[in-house]
Amino acid sequence: MSDRDHYRVLNVSRDASVQEIKQQYLNLSRQYHPDASGTNDSKEFIEIQEAWEILRNEDSRLALDKDLDNLESKNYKTRGEISEVVKISEMDFNEDGDVLSRPCRCGSTYDLSTSDAYDFNEVIVVCSGCSLKIKIENDL
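Sequential numbering from 1 applies to the sequence shown in the UniProt record's numbering.
Read the hints as simulated data drawn from the structure, not as lab findings. Mixed in with the good hints, there may be bad ones.
[Claimed, not checked] The list that follows gives simulated cross-link-like pairs (lysine-lysine, BS3-like), each with its CA atoms no further than 27 Å apart:
(1) Lys-43 with Lys-66
(2) Lys-87 with Lys-66
(3) Lys-43 with Lys-87
(4) Lys-22 with Lys-87
(5) Lys-22 with Lys-43
(6) Lys-66 with Lys-135
Keep in mind that this is a model prediction, so the values were computed, not measured.
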């Protein structure tokens, strides 16, 4: 996972189109290119290039979105819409009984470790197969 939010590097929102991202990339790369900026410091320019390489590719952008969502979930922060609110009692145990899960509409699951399941009033969990999120409320 990248430790950088490439959306912030390019100063675009997560729902920006590829065309909007490209336009911002072109603007910033012209502004920070070492030849244009008159400096030998290319750090900002390299960060802009790296951000564009990630955000222009659909697969790497989805992976970044998932990483950012997982990071937000671990920090109990939310961004974007929650697709569903469920209670712990509505979740299913896996065969070993160590993970609570709930099916997602993408066909994958939302998973929550049972060791973590009772340490909160509510938590946001990101689907293991897409970027959808649910809020799980502790009703036990």
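For each hint, the structure was consulted:
Taken as a hint, the Lys-43 and Lys-66 pair is honoured in the structure, with Cα atoms around 26 Å apart against an allowance of 27 Å. Distance hint between Lys-87 and Lys-66 is fulfilled; the C-alpha atoms sit about 23 Å from each other, no more than 27 Å. Between Lys-43 and Lys-87 the alpha-carbon distance is near 47 Å, which puts this suggested pair outside the 27 Å criterion. Between Lys-22 and Lys-87 the alpha-carbon distance is near 41 Å, which puts this suggested pair outside the 27 Å criterion.
For the proposed pair Lys-22 and Lys-43, the alpha carbon gap of about 19 Å is at most 27 Å, so the pair holds. For a cut-off of 27 Å, the pair hint linking Lys-66 to Lys-135 stands: about 16 Å separates their Cα positions.
Hint compliance for this structure: hints 3 and 4 are broken, all remaining hints hold.
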